[in-house]
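> Each protein sequence line maps, in turn, to chains P and X.
Every number in my numbering is 405 more than the matching position in the first sequence, counting from 1.
Every number in my numbering is 405 more than the matching position in the second sequence, counting from 1.
Hints in this document: simulated from the structure, not taken from any laboratory.
Possibly wrong hints are sitting among the right ones.
To be verified - Derived CB-CB ranges, DEER-like: (1) X:T434 with P:T546: 20 to 30 Å; (2) P:Y549 with X:R554: 50 to 60 Å; (3) X:A586 with P:G415: 52 to 62 Å; (4) P:R492 with X:E557: 41 to 51 Å; (5) P:R492 with X:D547: 50 to 60 Å; (6) X:Q556 with P:R554: 27 to 37 Å; (7) X:R582 with P:A497: 26 to 36 Å; (8) X:R410 with P:P516: 23 to 33 Å; (9) X:E559 with P:R554: 27 to 37 Å; (10) X:I505 with P:K615: 37 to 47 Å; (11) X:D498 with P:F485: 58 to 68 Å; (12) P:R492 with X:D430: 58 to 68 Å.
Ideal placement from N, C-alpha and C gives every residue a C-beta, glycine not left out.
Protein chains: 2
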Amino acid sequence: RSSDRPSSDGPLNIINASTIAGYVDLAETVICMHGGTSDSYNLIHRGTRVRKMHSSRRDAFRTISDVPLGIIDANQQVTFLKDDVKRRGDMADMWVDTKIDPKVAMLYFYPGMDQDMLHSVIDNDYHGVIFISTGLGHVNTDMYPALERAQEEEIPICIVVEPLWGFTNLRVYETGRDMLARGIFEGANMLPCAAYAKMIWTLGHTRDVKEVEKIMTTNIAGEITDRELNKGYMIMQGVEPGLDDMLKLVDENPREHRWGI
Amino acid sequence: RSSDRPSSDGPLNIINASTIAGYVDLAETVICMHGGTSDSYNLIHRGTRVRKMHSSRRDAFRTISDVPLGIIDANQQVTFLKDDVKRRGDMADMWVDTKIDPKVAMLYFYPGMDQDMLHSVIDNDYHGVIFISTGLGHVNTDMYPALERAQEEEIPICIVVEPLWGFTNLRVYETGRDMLARGIFEGANMLPCAAYAKMIWTLGHTRDVKEVEKIMTTNIAGEITDRELNKGYMIMQGVEPGLDDMLKLVDENPREHRWGI
Numbered sequence: 406r407s408s409d410r411p412s413s414d415g416p417l418n419i420i421n422a423s424t425i426a427g428y429v430d431l432a433e434t435v436i437c438m439h440g441g442t443s444d445s446y447n448l449i450h451r452g453t454r455v456r457k458m459h460s461s462r463r464d465a466f467r468t469i470s471d472v473p474l475g476i477i478d479a480n481q482q483v484t485f486l487k488d489d490v491k492r493r494g495d496m497a498d499m500w501v502d503t504k505i506d507p508k509v510a511m512l513y514f515y516p517g518m519d520q521d522m523l524h525s526v527i528d529n530d531y532h533g534v535i536f537i538s539t540g541l542g543h544v545n546t547d548m549y550p551a552l553e554r555a556q557e558e559e560i561p562i563c564i565v566v567e568p569l570w571g572f573t574n575l576r577v578y579e580t581g582r583d584m585l586a587r588g589i590f591e592g593a594n595m596l597p598c599a600a601y602a603k604m605i606w607t608l609g610h611t612r613d614v615k616e617v618e619k620i621m622t623t624n625i626a627g628e629i630t631d632r633e634l635n636k637g638y639m640i641m642q643g644v645e646p647g648l649d650d651m652l653k654l655v656d657e658n659p660r661e662h663r664w665g666i
Numbered sequence: 406r407s408s409d410r411p412s413s414d415g416p417l418n419i420i421n422a423s424t425i426a427g428y429v430d431l432a433e434t435v436i437c438m439h440g441g442t443s444d445s446y447n448l449i450h451r452g453t454r455v456r457k458m459h460s461s462r463r464d465a466f467r468t469i470s471d472v473p474l475g476i477i478d479a480n481q482q483v484t485f486l487k488d489d490v491k492r493r494g495d496m497a498d499m500w501v502d503t504k505i506d507p508k509v510a511m512l513y514f515y516p517g518m519d520q521d522m523l524h525s526v527i528d529n530d531y532h533g534v535i536f537i538s539t540g541l542g543h544v545n546t547d548m549y550p551a552l553e554r555a556q557e558e559e560i561p562i563c564i565v566v567e568p569l570w571g572f573t574n575l576r577v578y579e580t581g582r583d584m585l586a587r588g589i590f591e592g593a594n595m596l597p598c599a600a601y602a603k604m605i606w607t608l609g610h611t612r613d614v615k616e617v618e619k620i621m622t623t624n625i626a627g628e629i630t631d632r633e634l635n636k637g638y639m640i641m642q643g644v645e646p647g648l649d650d651m652l653k654l655v656d657e658n659p660r661e662h663r664w665g666i
């Protein structure tokens with residue numbers, strides 16, 4: 406257990422994760438972690454869409470822009486919440502392709518950011534950039550000369566969005582169209598961490614910028630979704646009227662939202 | 406309206422925001438934006454705790470780790486949800502202090518990040534750094550030489566957490582204690598953007614690293630909260646059993662969660 410708390414979430418996490426790895430008809434890279442703050446159930450999150458959303462809560466991991474793949478309760482009973490789960494096949498159909506190029510930089514855009522941040526990345530011989538950008542995926546016009554240099558030097562730059570939920574869209578505002586003209590491409594609704602992992606893998610296979618863009622913008626393992634479920638956005642943060650009453654329908658203890666048992 | 410949609414959220418936002426600015430007993434910097442996807446109500450978010458959490462939804466802005474200050478409905482009726490709202494005083498008690506130093510870099514940590522990213526920031530003569538770090542606020546050990554250089558050159562580095570919800574805590578794991586020994590200080594539960602704005606203001610007033618740390622770790626305008634409300638963490642993402650039924654208690658149309666009218 407961590408030194409900052411009196412009990413451990415370890416046992417349920419490892420029991421449920423082991424059950425899924427050993428017995429469940431599921432062939433995806435997933436994270437299995439507490440769904441609530443007590444030991445009542447875990448959520449099964451698709452690896453490409455999960456993110457740590459709280460620094461210390463047991464239910465810190467959340468599937469972004471979608472519902473989790475499934476739930477596994479304290480009795481190791483699994484309920485899938487989605488239909489498109491990859492099922493097990495033959496070992497013969499599996500291969501491992503580990504060629505990567507780790508020279509990828511992640512840059513977090515902020516208003517007032519100077520282009521020297523991107524120039525330094527280029528100077529330091531990075532081969533690709535994930536730019537975490539504001540709104541629909543924007544950076545400021547001061548960044549343009551550095552973007553143009555990256556384009557000239559054939560360093561692919563993939564835009565993802567700081568809000569985490571939702572898609573990039575560089576066609577709505579003029580700045581976005583300027584960015585497209587400078588060779589930037591949109592990372593759809595990939596999470597920053599998924600886009601980074603995908604870029605180091607992609608650059609391990611090709612340095613051709615058009616090919617990199619093609620791979621990066623094609624869904625491979627659920628990292629890009631066709632659409633966003635209405636329920637995939639966080640709803641309810643405790644501000645709705647009657648939320649306490651509603652929560653009591655699920656559980657009389659309003660601090661805890663148990664599932665199943 | 407934006408070119409990507411047939412209607413506009415502008416009128417309700419400007420009517421409600423103008424009402425608050427002109428008539429409501431509230432003296433804080435706030436953001437007033439749609440609380441749901443239709444024109445039924447806006448939320449009043451404290452400026453230091455609000456973040457855009459969706460790239461395109463009307464209800465994109467959310468108060469993090471707390472509930473919003475209040476709600477204003479389509480009839481401009483305001484209900485405050487919190488007690489610690491700053492009320493109006495005398496103009497004579499107000500002053501504006503605009504001294505800032507914009508030479509602050511934001512760095513987003515990722516596993517595999519090379520220390521050259523931080524060295525470049527130091528080389529480019531930045532005076533302070535906001536480091537958006539994993540978990541409770543961690544970077545990897547490969548970053549240590551650059552952290553030590555920043556310490557020697559008296560460049561303050563404030564750690565905030567990538568998960569957005571929750572506090573930094575560098576006392577739980579060894580890496581955190583190593584970071585403290587290298588002069589890093591914790592940004593409590595400040596949002597990255599709030600920490601950045603606070604750092605450029607702070608460096609406009611002092612370059613003394615101990616003084617910078619003292620100001621940065623003291624709550625000034627609600628950017629650091631004493632504790633996190635249980636309701637301040639996102640609960641419910643559509644995965645709980647019976648959520649549809651519960652939502653119908655509020656509104657028969659489950660796509661819309663109206664407040665008030």
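> Take the hints in turn and mark each one as holding or not.
Evaluation of the provided hints:
{"no.": "1", "hint": "X:T434 with P:T546: 20 to 30 Å", "result": "holds (26 Å)"}
{"no.": "2", "hint": "P:Y549 with X:R554: 50 to 60 Å", "result": "violated (31 Å)"}
{"no.": "3", "hint": "X:A586 with P:G415: 52 to 62 Å", "result": "violated (28 Å)"}
{"no.": "4", "hint": "P:R492 with X:E557: 41 to 51 Å", "result": "violated (56 Å)"}
{"no.": "5", "hint": "P:R492 with X:D547: 50 to 60 Å", "result": "violated (39 Å)"}
{"no.": "6", "hint": "X:Q556 with P:R554: 27 to 37 Å", "result": "holds (32 Å)"}
{"no.": "7", "hint": "X:R582 with P:A497: 26 to 36 Å", "result": "violated (48 Å)"}
{"no.": "8", "hint": "X:R410 with P:P516: 23 to 33 Å", "result": "holds (24 Å)"}
{"no.": "9", "hint": "X:E559 with P:R554: 27 to 37 Å", "result": "holds (32 Å)"}
{"no.": "10", "hint": "X:I505 with P:K615: 37 to 47 Å", "result": "holds (42 Å)"}
{"no.": "11", "hint": "X:D498 with P:F485: 58 to 68 Å", "result": "holds (59 Å)"}
{"no.": "12", "hint": "P:R492 with X:D430: 58 to 68 Å", "result": "holds (60 Å)"}
In summary, the numbered hints that this structure violates are 2, 3, 4, 5, 7.
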